[in-house]
Each structure stands twice: as C-alpha cells, then as structure tokens.
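**Q** When you get a sec, could you build the whole thing from the sequences and use the hints?
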Amino acid sequence: MTQPSTPSGGDGDARALPPSAYVRMSHVLRAGLLAAIAVLATGVVAYVAKYPNQTSGGVLGANPILQYLSLSGLVNGIAQGHVEAYLTLGLIVLVATPLLRVASGFYYFQVGRERTMAAVTITVLALLLFGILVLGPALR
Amino acid sequence: MDIEFFLLLLLVTGLVAGLVGSMTGLGGSVVVIPILVIIFSVPFPDAAGVGLITILATSSATGAAYVRDHLTDLRIGMFLEIATVPGALIGAGLTVFLAHRNFDDALLVALGCVLLAIIPSSIARRDIELPVGVVPDARSRRLGLSGHYHDGPLDRDVPYVAGDTSPALGVMFGAGVISGMFGIGAGVFKVLSLERYLGLPMKVATATSNFMMGVTAAAGAGILFAAGYVNPVIAAPVAIGTAGGAYLGSHLLPGLRNRTVRLLFMPVVAVLAIEVILRGFGLP
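As they're listed, the protein sequences go chains A and B. Just so we're aligned, residue -16 is where the first sequence starts under the working numbering, counting upward by one. Just so we're aligned, residue 30 is where the second sequence starts under the working numbering, counting upward by one.
Everything labelled a hint here was simulated from the structure, so no lab data went into it. Model, not experiment: these values are computed from the prediction. The beta carbon of each residue, even a glycine, is placed where N, CA and C say it ideally should be. What you were told as hints is all true, and nothing was included just to trick you.
Derived SDA-like pairs: lysine to any residue, alpha-carbon spacing no greater than 20 Å straight-line:
1. A/Lys33 <-> A/Ala62
2. A/Lys33 <-> B/Leu37
3. A/Lys33 <-> A/Gln50
4. A/Lys33 <-> A/Leu57
5. A/Lys33 <-> A/Gly44
6. A/Lys33 <-> A/His65
7. A/Lys33 <-> A/Gln63
8. A/Lys33 <-> A/Asn59
9. A/Lys33 <-> A/Ala21
10. A/Lys33 <-> B/Ile32
11. A/Lys33 <-> B/Met30
12. A/Lys33 <-> B/Phe34
13. A/Lys33 <-> B/Glu33
14. A/Lys33 <-> A/Gly64
15. A/Lys33 <-> A/Leu43
16. A/Lys33 <-> A/Pro47
17. A/Lys33 <-> A/Ala45
18. A/Lys33 <-> B/Asp31
Now the stretches of chain A that chain B is said to cover, found in silico as 3 or more residues with beta-carbon under 8 Å:
19. 20 to 33
20. 62 to 74
Partner residues are not named here, just some residues of chain A that face chain B (Cβ under 8 Å, in silico):
21. Leu0
22. Leu12
23. Arg13
24. Thr38
25. Ser39
26. Leu49
27. Leu82
28. Val85
29. Thr104
30. Leu122
**A** Next up, the structure:
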C-alpha cells in the first residue's frame, strides 16, 4: 500500500485559506451558474416565442452578437426587448463567474496578508480583463 | 430545420457533452465542437467559442461541489493560472488571427490531430491515489503549496505537497494555448502536470484541474466572445444542456466516473476527430 506524501518544508497549513473562503467560492460558482442558466433559459423560450418561423439556417447565417458587445448596445438591446441581447447577457454572466472566483481569491489572500499570492491572483485577474476588454475587441 | 427542433438538438448535444465531460474530466467540448462543425456546419472559430462556453458551464456545475468539499486546492490552482491564462489568451488570439486569414480548414485539421493526441494520454492515464516521495521545490515551499483533504473511502486526512513547479508551469502554459486555440478544456494536460510534476493525489488533481479549466476557458472565451465569435442563439441551449448534464454526471452518477467511462468514450472522440480532419481537408 502506498503512503501519502509528507508536506516536508511546506507551510501551506499555516497559511491555509479559511474554510469560509471555500464555502463562499462554492456559493459564487453556484450563484453565477444558476443566474446565467436562468437568463439563458428564459431567453431561449422568448426566442422561440418571438421567432416561430426562424430556421436553423437563419440562426447559422447571422451572428447578432457584435451589436451587443458594447455596454450601450447591450443596455439598449435589453431595453428594446431584443432577445439576442438578453442571451448575450446570460453568456456574459457565465464568463464572468470564474472572474468573480479569482477576485474572491485575491480578497482572501489580501486579507491574509499573503502578498505574493495576492500579486499572482491580481495579475491573473488583470490578464483576464485585458483579454476581454482590450485584446478581444482589438481582434474584431 | 425548425427552430424548436434545432434548439432542442443543441440542448441535447450540450446535455450529452456535459454528462460525458463531467464523468471523464475532459470538459465536454471535445464532443460539442466536432458536432457543431460536422452536423450543423458551424464555422470553426464560432464552434470553439461555444466549446469554451461548454467548459465554463461544466466547470461551474461540478466545481461548486469540489470547492465546497475542499478537494480543490485553490492556492495551487490560482498559482498555476499565471501560466494557463496567458496561454489561453495567446491561443484564442491565434485562432482569431488565423480565422481572419481564412485558415479555418487548417485549424480543423489541427483540432482533429489534438483530439487524436489526447486519446492515448487519456487511456494511459494512471491515476495515482496517494503519491509518495514528493519533494517540494523552493517556490513550492515559499508559497506554501501544500494542503490536505479528507478521503472518504480511506476515512482519514491525506496530506500532500506540490513538487516541481517549473515544468508544471510550462505544461500549464501549453495547456492554456491548446485550450484557447481549440476551445477544449485540455484537462488531460492539466491533470498530467498536477499529478506527474507536482505529485498531487488524484482527487486533488482532478478537482483542481476542473477549477482551473473554468478560469482558462474564461480567458479564451473572453477573446472569442469579444471578437464576435460566439453566437448567443447557438451557445445558449448548449450551455443550458451542458450545465444539466454536468450536474447529472457529477451528482447522480458518481459510480460511473473515471477510467471505464473514458475507455468507452474514446472511440467516439476518435471518430469525431477523424471526421473533423476529413472536413478540414474538404472531404465529405
């Protein structure tokens, strides 16, 4: 029978994240997923109701997302009852959920005064935001 | 095809992908992307974008339980994301760059080859329940990359420590590039890095890989999404189905997980990979 490794020299236990960190991150994941699915499911039902004569070819032939990728475009689209804008909002919530996870990690490392891990986490968050807000639009 | 039937098919595709993805740890997009390309003729970058949405749904659906049960090592996961996230940004950026230059077919051939390459690694994967003799390097000691979890079947706490972080970071960067470029989770490579180089126990490696897949996918999806390569009408039913399938796979069918499911599933991946390669070469 194999024996477990021994954390020789490691000080992870001394600097372990508090149990509440795990519970809250679990809640963040669940809440984010449920919110996204609720918005997406409502949007899909609304899409079928609004476009009963739509076909698969029509969906595949036109991607409406570009007009909802700016904040003003998204808000106006939702305000005007565009189902595609609503679906885009659901996808944004889904993509944002892991970002909230990383932000939670930064908070806990910062509170625990772990500067290196806090710096690592905020760098990851900055890279994610750079990709979404700068690199992605630049590649459009 | 009628819109109701079309959306229902996408929902079922997501359901199957989520179910299989959560049970095999592959994330489900290895099913979704080929099906979107082969059956629905979705262009590759758009299919990759939906694939990453699938990974996000799977990771969030299964991750909540893993994190709550302390199987996910948040410290190690977040440390390694410093490598996977830049990799995913580069990979997704490369896909958009190549798609703009009409290299979709070359990307399809490359995707098929990556899927075929995953198969032997996935079958040969030897999960090490409790690794022995792991010696932490200086970085692992400095950052405290160690922990413990309660193993139910063994009925005791299992301590562990991360070993060699440099090669692990290198493999993670490569996994990020593959994930972002092809829209897959690259979980095989992540688990390989976590088990082989860091010496983490199987359960911690699997849960931490799942946690990381969500963040890596968010990086790739963010690029493809912001570049306009995610069709919300296609992605929405797939995401809903995937979340449902992943929930079923991780909560209701735990006894079917692991190697057996991977072995059963690999022939399907092989057929899809060959179909994708043929499509890339313009063959029916």
